[in-house]
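Undergrad: One-letter residues, chain by chain:
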Amino acid sequence: MMASVSMNGSIFIMKIIVAIKQVPERDAQVRIDSSAKWIDESDLQFALNESDAYALEEALQLKEKHGGEVIVLSAGPERIGQTIREALAKGADRAINIACDDLATRDALSVARLLAAASKEESPDLVLTGLQSEDLGLGQTGVILAELLGLPHATLILHVEKTDTGLNVKRELEEGWFQQIEMPLPAVLTIQSGGNKLRYATLMGIKKAKTKEVRQLGAAGLAPDAAPVVALDQVTLPHKQKSTQILPGSPKEAAAALVEKLKFEVRVL
Amino acid sequence: MSEIWVVIEQRDGRIARISLEAVAAAQGLLKKVAPTLKSVAKTVNAIVIGAPAGPMGGELGNLGLEKIVSIEHPLLAQYTADGYTLALEQFFAQVQPEFVVFPHTYQVRDYAPALAARLGQVLISDVIDISDGPVFTRQLMQGRLNGAYKHTGTGPCLVSVQAGAFRAEVLQTAASGTVGQGFSPDKEPPETGRALAPEARSSGAVSVFTPTIEPAQIRTKPGQPFRGSAQTVDLGSAQLIVSVGRGIKEAENIPLVQALATALGAELAASRPICDAGWLPMERQVGSSGQTVAPKLYLAVGISGAIQHLVGMKAAQCIVAINKDPDAPIFEVADYGIVGDLFEVVPALTEAIKAAKQ
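So the sequences go chain by chain: A and B. Sequential numbering of the first sequence, starting at 246, is according to the working numbering. Sequential numbering of the second sequence, starting at 666, is according to the working numbering.
Keep in mind that the hints were calculated from the coordinates and are not lab data. No false leads were slipped in.
Computed cross-link-like contacts, DSS-like style, restricted to lysine-lysine with a CA-CA straight-line distance of at most 30 angstroms:
no., chain 1, residue 1, chain 2, residue 2
1, A, K365, A, K260
2, A, K497, A, K508
3, B, K1019, A, K487
4, B, K979, A, K415
5, A, K260, A, K457
6, A, K487, B, K1022
7, B, K961, A, K485
8, A, K508, B, K961
9, A, K282, B, K815
10, B, K1019, B, K914
11, A, K407, B, K886
12, A, K452, A, K310
13, A, K485, B, K979
14, B, K979, A, K497
15, A, K282, B, K979
16, A, K442, A, K455
17, A, K485, B, K815
18, A, K506, B, K989
19, B, K979, A, K506
20, B, K989, A, K442
21, A, K310, A, K260
22, B, K961, A, K506
23, B, K914, B, K961
24, A, K365, A, K453
25, A, K508, B, K1022
26, A, K282, A, K487
27, B, K886, A, K260
28, B, K914, A, K442
29, A, K260, A, K308
30, B, K1019, A, K506
31, A, K487, B, K815
32, B, K914, B, K979
33, A, K308, B, K886
34, B, K1019, A, K497
35, A, K452, B, K914
36, A, K442, A, K457
37, A, K453, A, K442
38, B, K696, A, K282
39, A, K487, B, K989
40, A, K308, A, K457
I would like the entire structure built from these sequences, with the hints used as guidance.
TA: Take a look at the structure:
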């Protein structure tokens, strides 16, 4: 589908790529694996990374307003199929997955190179992704992707508005401050959570998702293997910053013990 | 040249604390890597970008820095990722740094990954500790695990440091010269570089670097920062705070913690997801995107303790956590903890506090 802008800017078919990641479920009990280089994934449940869910929501709302196409782009092992189907069920039109079993040992540049190569083939008007993943928390993929694609970018975006000349986006700053940014298209945005209300997949959506296209790409064909410039050498348990006194017993006993502490130690009662 | 450079971020013409912490982190890093550095640098260097350094020069002069460079250009007056990336790319091409240390701010998160990619590098972001190697520790899995990272490539190693992870106080000691930690601003190392103006080599003096930037290279047009909503709640001055997180499950359950806050005479606050969902107003949010608090008591209910939240409340004098997950990161910073179902513990606690107050 070609993107086009009419003279008055009223018709714009936007082709939007949403780069998503599958991460361990939020409350999952994560354990270090035997190599101490990553986590044991065997008994883990996985889900769509939260800020990526907001990126998808923003894309779907833009499509509803302006027309166009939403393409989900991901890189990961076979299990990611479930998360891709969920995104398609919510309304994405099709998906591209880069089959990749070694995500944990690739650095952010290497992953972004794969995503950039797959994006380039589609010539999107807009690339959205979450501001950071809940597992590695690097918060870099979208920005590196923009650099590799040679596109302008903005991060921590809560709201996206299409204008005659491109986009007007609302960026979150620190400590309750915000900023509007004007930028041309095509562009890359990293989306902060909370800007929209997330939708649920409908039964109809789930049914439709089964027939939607999921294109599988091989990592090797997209970007040459480069030695990582940064390596995760070891995963460890964090050191406790304080020695926490756990108050045991039934809820009532623990509550009573805490009141004692608040009264005589913390002196706030 | 192979040296350590720190990128200082200014806010309203002042150096933000996190930038001082970045200087401290860089000084610590220098001690770890000094034997392997090609140069004989005794201390680290700093960069400020944008507006003329002016009054900040004095502030920087007390930090025991070797060189201070102000990267100045009219197109850098307001921050843009394009402008900062270009400016630093050009400056680093000249000084060939071995390490670059950034404060892990929203601004750095916006441009440093692109800058790193342009240099063929990956930013090691949000670092909380630097040990021999150097090994850079950063958090994984929302703070449940730590990851030890190494720079394995050739070329500059870029790291950003988390707010509060490195102590800025040590800088004062170093600058006052009371501790002989290898900082000797009065002794000039043999200078081999040609790139900078001579005045840049004297400790504390500010030299100017002017990058080449064309207006067309700045592709985004940022507006003036504005406040999101009227701030009618000043959590920053609250002495007692009860804060609620995802564990509360539904908006209908918020009154449960409101009752606890009322019994205690505390302000009610929340972690980001609660405000995102609209269960409590944004102005009650504690964390990196909300308010920073330092009460006598911070009682965290159903908050797992992701770093974005911890940076906003870890300065509290006493932290109490109620959470069903004994491995939740909030227990790493808590003084007292109750591991249990908040729907049982909170009502019991509310009653116990009411009874104690009678």
